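Trainee: The residues making up each chain are set out below.
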Amino acid sequence: GESVGLHLPTLSVQEGDNSIINCAYSNSASDYFIWYKQESGKGPQFIIDIRSNMDKRQGQRVTVLLNKTVKHLSLQIAATQPGDSAVYFCAEKTSGYGGATNKLIFGTGTLLAVQP
Amino acid sequence: NAGVTQTPKFQVLKTGQSMTLQCAQDMNHNSMYWYRQDPGMGLRLIYYSASEGTTDKGEVPNGYNVSRLNKREFSLRLESAAPSQTSVYFCASSRTGSDQPQHFGDGTRLSIL
Numbered sequence: 001g002e003s004v005g006l007h008l009p010t011l012s013v014q015e016g017d018n019s020i021i022n023c024a025y026s027n028s029a030s031d032y033f034i035w036y037k038q039e040s041g042k043g044p045q046f047i048i049d050i051r052s053n054m055d056k057r058q059g060q061r062v063t064v065l066l067n068k069t070v071k072h073l074s075l076q077i078a079a080t081q082p083g084d085s086a087v088y089f090c091a092e093k094t095s096g097y098g099g100a101t102n103k104l105i106f107g108t109g110t111l112l113a114v115q116p
Numbered sequence: 117n118a119g120v121t122q123t124p125k126f127q128v129l130k131t132g133q134s135m136t137l138q139c140a141q142d143m144n145h146n147s148m149y150w151y152r153q154d155p156g157m158g159l160r161l162i163y164y165s166a167s168e169g170t171t172d173k174g175e176v177p178n179g180y181n182v183s184r185l186n187k188r189e190f191s192l193r194l195e196s197a198a199p200s201q202t203s204v205y206f207c208a209s210s211r212t213g214s215d216q217p218q219h220f221g222d223g224t225r226l227s228i229l
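Protein sequence lines correspond, in order, to chains A and B. Counting along the first sequence from 1, when you hit position 84 you're at 84 in the working numbering, and nothing is skipped either side. In short: position in the second sequence from 1, add 116, done, that's the working numbering.
Hints in this document: simulated from the structure, not taken from any laboratory. It should be emphasised that the depicted structure is a prediction, and the values quoted were computed from it without experimental measurement. Worth double-checking, as some hints may not be accurate.
Stated by the list, open to error - The calculated DSS-like cross-link candidates involving lysine-lysine, where the alpha carbons are at most 25 Å apart (straight line), are:
1. A:K103 to B:K187
2. A:K42 to B:K187
3. A:K71 to A:K56
4. A:K103 to B:K173
5. A:K42 to B:K125
6. A:K42 to A:K103
7. A:K42 to A:K71
Generate the whole structure from the sequences, applying the supplied hints.
Mentor: Structural data, given as structure tokens:
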């Protein structure tokens, strides 16, 4: 899960296993969520998004689940590969921010380490 | 596709020096953003521009100024750099409208001595 500490939580998985990365978001009014992947020395890369009127959305090898009751978001990666090793973090948009700017609140991330 | 391009990639400044970080996007996005990323913290919004000709403060604007030069370019200026501004700076852009993901550049790593 996410942490505001100096050390990122780490999820270590074997190549080929499925990975589940969790995120607890802060605002019950948030209505749009995004998962990003950040490799060392690179910028955040968009993976998948989900709106609050959905509870599941699938992409290529990834699935995002949204549980609004407990304000929880998860990212599932199927058949994890070494190239999936990175920091993953979620972002939420609160409708109260308003406007066309899509101001986001970002989590601190989870480090996914894939063991060959 | 280049996406969002930031220059420079690395920079070292002395306290009190000024610096402009450049950002350009080729996705025809209306909205652009500047963030800073520090260890143990999520990305924090410095300034954003909803469209060409407009800019607004984000969460941590003190010590920074921005210019939306045209639809493609959005620059961030440090007028008098301070050690507390040592960080990795990311520019992002998105389409106008609700529920649009932001797309990021690869950042500028800035150290202020």
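Trainee: Run every hint past the structure and note whether it holds.
Mentor: Taking the hints in turn, this is what the structure says about them:
1. A:K103 to B:K187: Status holds; Cα separation ~19 Å.
2. A:K42 to B:K187: OK: K42 (chain A) and K187 (chain B) at ~24 Å, within 25 Å.
3. A:K71 to A:K56: Holds, because 14 Å separates the two Cα atoms, which is no more than 25 Å.
4. A:K103 to B:K173: holds (11 Å)
5. A:K42 to B:K125: holds (10 Å)
6. A:K42 to A:K103: Holds, because 21 Å separates the two Cα atoms, which is no more than 25 Å.
7. A:K42 to A:K71: Violated, at roughly 29 Å.
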